[in-house]
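Got chain E sorted already, so can you dock chain S onto it with the hints?
Residue numbers (our numbering), protein chains in the order written: chain E, -7 to 563; chain S, -7 to 563.
Heads up, a few of these hints could be off.
Since copy identity is lost for identical chains, a pair holds within one copy or between any two.
30 Å max Cα-Cα, derived DSS-like pairs, lysine-lysine [unchecked claim]:
hint, residue 1, residue 2
1, K394, K441
2, K167, K207
3, K183, K167
4, K292, K207
5, K207, K96
6, K207, K30
7, K133, K167
8, K167, K292
9, K282, K292
10, K357, K133
11, K292, K281
12, K547, K114
Note that these hints are calculated values from the structure, not bench results.
These numbers come from a predicted model, not from an experiment.
So you can see what is in the structure, the chains are spelled out below.
Number of protein chains: 2
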Amino acid sequence: MSFTAYILDVLTDSIYPARITVENGIFTEVTPIIVNEKTRMDVRGLVIPGLIDSHIHIESSMITPAQFAKIAVRHGTTSVICDPHEIANVLGIEGIEAMIENAKQVPFNFYFCAPSCVPATKFETSGATIDSSDIEFLLQKDEIVALGEMMNYPGVINGDEEVLRKLELARQYNKPIDGHAPLLSCEDLDKYLEQYIVTDHECSNVIEAFEKKMKGMKIMVRDGSSAMDMESLFDIDDAFSRVEDQGSLGIIFRDIFEKRIFSPLFDFIVSDDKHPNDLIEGHLNKSIKKATELGIDILKAINMVTVNPAYHYHLNCGAIVKGAKADYVIVDSIHDFNILATYVGGECVFDGENVLFDVPEIEAKNSINASKKSASDFDIYYEGDECEVNVIECSDGDLLTKKTTAKLAVREGIVQPDIFQDVLKIAVVERYGGNNVANAFIKGFGLKKGAIASSVAHDSHNIIVVGYNSEMMAQAVNRVIEDKGGIAVVSEDFNESLALPIAGLMSNEDAYDVAEQLSVLHQMTSALDCQLVSPFMTMAFMALLVIPSIKLSDKGLFDGDSFEFMDVIVN
Amino acid sequence: MSFTAYILDVLTDSIYPARITVENGIFTEVTPIIVNEKTRMDVRGLVIPGLIDSHIHIESSMITPAQFAKIAVRHGTTSVICDPHEIANVLGIEGIEAMIENAKQVPFNFYFCAPSCVPATKFETSGATIDSSDIEFLLQKDEIVALGEMMNYPGVINGDEEVLRKLELARQYNKPIDGHAPLLSCEDLDKYLEQYIVTDHECSNVIEAFEKKMKGMKIMVRDGSSAMDMESLFDIDDAFSRVEDQGSLGIIFRDIFEKRIFSPLFDFIVSDDKHPNDLIEGHLNKSIKKATELGIDILKAINMVTVNPAYHYHLNCGAIVKGAKADYVIVDSIHDFNILATYVGGECVFDGENVLFDVPEIEAKNSINASKKSASDFDIYYEGDECEVNVIECSDGDLLTKKTTAKLAVREGIVQPDIFQDVLKIAVVERYGGNNVANAFIKGFGLKKGAIASSVAHDSHNIIVVGYNSEMMAQAVNRVIEDKGGIAVVSEDFNESLALPIAGLMSNEDAYDVAEQLSVLHQMTSALDCQLVSPFMTMAFMALLVIPSIKLSDKGLFDGDSFEFMDVIVN
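Just chain E, with the same shape it has in the complex (with noise of 0.2 Å):
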């Protein structure tokens, strides 16, 4: 197939018209022409290279890679670098094997990581352990591009033996290795390095960013639908209004940045994480033009989720060059880039109105092994007329949260939620056959009646639940275990679900009916009158220990700051 076209040359940073042929999948010619009055182009739009999104969790879309790929094509994203660790924390190399061989059934270039965490931390329940030789079976895989986010860093800066084989192993197979250093600065920083971990997409401020990079690092800028990073990151006057809590470190950088355009920091915009509701509206597309309206030349922001991705995994695609896979997306025009088709390997996969491939789903099965709940099981139990609580206070959308403390009625020996005080019940429900349930307090959510609960709880995935009382947790809970996993929202009015059969995490639907679906159970958890705008999210993140200050696991109340467990009640 031949055709002419103008082109976006991420390697010339140019635009010109070509003459393109594609054979077998494969770009065989690109050769710039000449325009005059007779010149006819074939395609109206602009030829660009489809978009890579270079650190991303499918599972956390709450569809299948293949699903994922029929929503991301419409936004002109024709690559992922996924690391599959959500899965891997339930199922294990069974689970990757799963995404993998999903994934190949469609158009779409699925780059995988092996997860080097899993599970995250020794002090709760996961469905599986990822040890250093799983790491070794995953990156002698041709699918497998790098070794997933080092998240254990304080395994890495302790010289942990396990953690240091796994980076061993990634540097002897030539697969790099992303990071993952939230606030990680000064020695610490450097020790992590020492272990060439390249990447890190965890950068929430300049100052930060400017660290990792002056140390070598490639920048990831994160806008995705849990962390948005790219506003502190990309804003010039947001970022130097962060400037001065900085330290002497932000002193410094205003000195040396005061008036110039700090893009030579940032290398990559990744999505990190994209839930349904969110990725039906746009993926990369959308943040290309987010970083134009914050001042990031064009060419610059789309080279970050084309050739920059494309050299950095060593991947054979992110140009329109000759010998490279033909994936490209016609968008309108640089300025308004609305995707008018999608190409992966030369095929057509969007035409402007519909996807043209077909979805293969993924057999599930059940993988909660948990015995059905009784209210009792979520009590908290004290002798006395009241007692003082440790609580976890979280804010909306928020991965860190706050220690607090309250004071709680007993009745009849049973501590008593305050929705005056807005402290609720939570509870984290071990799914994997140990059938523990850790009870504590969380303040936040707002809700004044009813519980939802879920099985999409980082990183380990045992149920969830938030709630108004014992009973009301219960329900949700059993809900949950009825669906073979998902998200529940019950009230004494109503009791709804979406349904997450593959792994507790993911649905064979596609992204519109999940959105649907989760849309109708926000309004639900609305009429709870919880406050918070991402009440899945929130909760889902109060189980994800490696993030500070105080959280929960099916073994207990955690604290984050120490790393160690604590009591629920204070003594």
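Frame of chain E; chain S shown alone:
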């Protein structure tokens, strides 16, 4: 050792004050600091990364690697990626190993390439052949970081088995492949690139650079002694003045880049060849200044000789960053760029006045295996009074030659040169034991008497001689043989030489001494009425068959266009 200084951080493109600690040759701390009235900077000037020349043939400097290091550190160079293909043509693996061994003994980073094209063609006698098994032997060495410039592009394009095997080995050992593809374009360039040949240092015009960059190559801008492409690549006015002659791609280029800086096209600045008289004047420091005078951003220019080559060749240097080799240079300012001191692995190797290391010698074994010549060896016979001959027409310092013809008188059966037409005699004397002598005629030198001879004659380095008559030629060649290699100028009045006893290419003396001796020879050559500014360099390329259009090997006159031998006498 710890000190405070302003540093140029090539990773963030910024300059800031920092505290730097060096231990065991490595930067172990690079911490930005706040400057106030009390801050004392230990270093006056600016600390920049040591400069890296990513493509050079040390032998062209006529000095040993150790002597090269001694002069290069004065100019702020701390690393070179060198292709020892000159010595390889003479002495093979043994010669390469002698270079590596000598290089190891000085505090300077020599990274070597495995020479891919030894000999350059099968139409000449060389001292050695580097076949694919030799290449494999070399690629296994840590000192070898790349496969050297693949000059045999016809071999690549036509799928020569041995050539493809060498390329395959480089990929197998995960070492980058350097290119050499002067004016290669369209389908031929495409075929060349299918072999993952990534760099090119032969671009002589922006259109050529544009096409190569567009097709995925990394472009080395050459600013050397033999070839100076920087003006035609970096000088926008100059570049655009050439665009019209470049066909449709030129017109397209003009439309794209008019009024735009096209520095995104370029990745590295290299010297390729640096003759002793140029080398004593400057190296990359001079190229950086020249680049900025041509309008290239200084930070971009510095990146081309620091972080860009370090990334490409996987070198642990090229930036002032913790964990990297402490190779750095103190300059007075980024604009004046005078070198105040140079450090390699944390060790001061140049203090602004003196070079602080000793230079080992390479043992000079005689590599010239040729019997003494007599005048009759240089005679060309013809029966008749006059004859028409094919003539090599050369111009100063140009690798390209033109075919021309001349009518010459014949006396006593011997064809006579003609100084009035400037048609002189040229010969290549085989030096590897076979005692071939090939004779021909050349136009352009302008000699009115005497002869000049040299054992530097690319790439096989037989003895080449240009002279007024056969007697002088024999004397000049014999002087080179007596010197065990070198350059000689003889006439009725004098007989002077520069001895290059190491492979007939290099001296153990230092760059200043060699430059001084060479300059005496240049003056003498001028006294012979030679019109060329660089007579020895020009002569050295007359045996380089791979550059068209007409050259001379020890086996005879060669048509570089049809790639076959041709007759001296026109039938």
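Status of K167 relative to K133 across identical chains (alpha carbons, at most 30 Å): both (11 Å within a copy, 22 Å between copies)
Since the copies are identical, ignore which copy is meant and state whether K167 and K207 lie within 30 Å (CA to CA) inside a copy, between copies, both or neither. both (20 Å within a copy, 25 Å between copies)
Checking K207 and K30: alpha-carbon separation at most 30 Å within a copy, between copies, both or neither? between (54 Å within a copy, 27 Å between copies)
How would you classify K292 and K207 at a CA-CA limit of 30 Å: within, between, both, or neither? Both, since 22 Å and 19 Å are each at most 30 Å.
Alpha-carbon proximity context of K167 and K292, limit 30 Å: Both: 25 Å inside a copy, 29 Å across copies.
At 30 Å max between alpha carbons, let me know whether K292 reaches K281 within a copy, between copies, both or neither. Classified as both: same-chain Cα gap 12 Å, cross-chain 27 Å, threshold 30 Å.
Within, between, both or neither: how does the pair K357, K133 come out at a Cα-Cα threshold of 30 Å? So K357 and K133 pass the 30 Å test inside one copy only (25 Å; across, 52 Å).
Are the CA atoms of K207 and K96 at most 30 Å apart within a copy, between copies, both, or neither? between (37 Å within a copy, 29 Å between copies)
Regarding K282 and K292, is the shortest C-alpha distance of 30 Å or less found within a copy, between copies, in both, or in neither? both (13 Å within a copy, 27 Å between copies)
Tell me, please, which holds for K547 and K114 at an alpha-carbon limit of 30 Å: within, between, both or neither? within (10 Å within a copy, 76 Å between copies)
For K183 vs K167, is the C-alpha pair at or below 30 Å within one copy, between two copies, both, or neither? both (20 Å within a copy, 28 Å between copies)
Is it within, between, both, or neither for K394 and K441, if the alpha carbons may be no more than 30 Å apart? within (24 Å within a copy, 93 Å between copies)
The earlier numbered hints are all upheld by this structure, with none contradicted.
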